[in-house]
Amino acid sequence: MIYRLYQLFIALPVGLVLTALTAIVTFVGSIFNAHFWGYWPAHLWARAVCKLLLLPVRVEGRENIDATQSYVFVANHQGALDIFLVYGYLNRNFKWMMKHELRRIPLVGAACQRAGHIFVDNRNAAAVRHTYEQARQTLQGGTSVFVFPEGARTLTGRMTAFHKAAFQLSAELQLPVVPMTIDGPYVALPRQRGFWFVRRTALRLTIHAPLQPPASTATADVRATTDAARATIARGLPCEVEA
5 MIYRLYQLFI ALPVGLVLTA LTAIVTFVGS IFNAHFWGYW PAHLWARAVC
55 KLLLLPVRVE GRENIDATQS YVFVANHQGA LDIFLVYGYL NRNFKWMMKH
105 ELRRIPLVGA ACQRAGHIFV DNRNAAAVRH TYEQARQTLQ GGTSVFVFPE
155 GARTLTGRMT AFHKAAFQLS AELQLPVVPM TIDGPYVALP RQRGFWFVRR
205 TALRLTIHAP LQPPASTATA DVRATTDAAR ATIARGLPCE VEA
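Sequential numbering from 5 applies to the sequence shown in this note's numbering.
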């Protein structure tokens, strides 16, 4: 009860102010340098939110990634807290591939657009092509991208099927795929109707060794890398939350 009262009267108002300030700084700064200002304010914001919620964080495997290499980062999607865990603790400048609906969030949507994050729009074929081309241009510019291949947060805590778009990009541009296991956010904030309070639990991010990109854009090659990434991520989860 004390932790819930703390969330309601301290963490929530402070978090909202931090979010608004971060969005404004990101929007204005990205006018001049989207690479820097599109990442660092949000990186610090995400860390601050995790600390504000008193959530312990453990990261393993940072030594598996090269600071000079662009990657396609992929991870399982356990809940809303995944955003703070990845943004705050991956320690790599990257662009998100996110749902186009997030563009409508006041301040945050405009800041994300100005920062160069990629809104995934599946409403029609033309929109899909535009999304895909934007992602290709981002990767060719030497920046990494981060994708949740499941497309949405899990409803049960178990992983669902992976979509192939991220792995298709990896094949086209011959960039390594880095699977990452996220564990803890589903327990901390399950996707249940009427549940709004965070449960204090440890959040864990495991960065696995990069996978070679698919040998070609052929369906079989892309599927093989997709399955390998999913299997790698699953091995980092407790058996009760594996798919």
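Simulated from the structure, these hints should not be mistaken for laboratory data.
A virtual CB, placed ideally from N, CA and C, is assigned to each residue, including glycine.
Be aware that a few hints might be false.
[What the hints assert, rightly or not] Label-pair restraints from in silico Cβ distances:
| no. | residue 1 | residue 2 | range |
| --- | --- | --- | --- |
| 1 | Val21 | Arg239 | 38 to 44 Å |
| 2 | Asp225 | Arg8 | 48 to 54 Å |
| 3 | His104 | Gly145 | 54 to 60 Å |
| 4 | Thr205 | Arg227 | 23 to 29 Å |
| 5 | Leu106 | Arg239 | 28 to 34 Å |
| 6 | His134 | Ala224 | 25 to 31 Å |
| 7 | Gln144 | Leu16 | 36 to 42 Å |
Outcome of the hint check:
no.	hint	in the structure
1	Val21 <-> Arg239: 38 to 44 Å	holds (40 Å)
2	Asp225 <-> Arg8: 48 to 54 Å	holds (49 Å)
3	His104 <-> Gly145: 54 to 60 Å	violated (21 Å)
4	Thr205 <-> Arg227: 23 to 29 Å	violated (34 Å)
5	Leu106 <-> Arg239: 28 to 34 Å	holds (30 Å)
6	His134 <-> Ala224: 25 to 31 Å	holds (27 Å)
7	Gln144 <-> Leu16: 36 to 42 Å	holds (40 Å)
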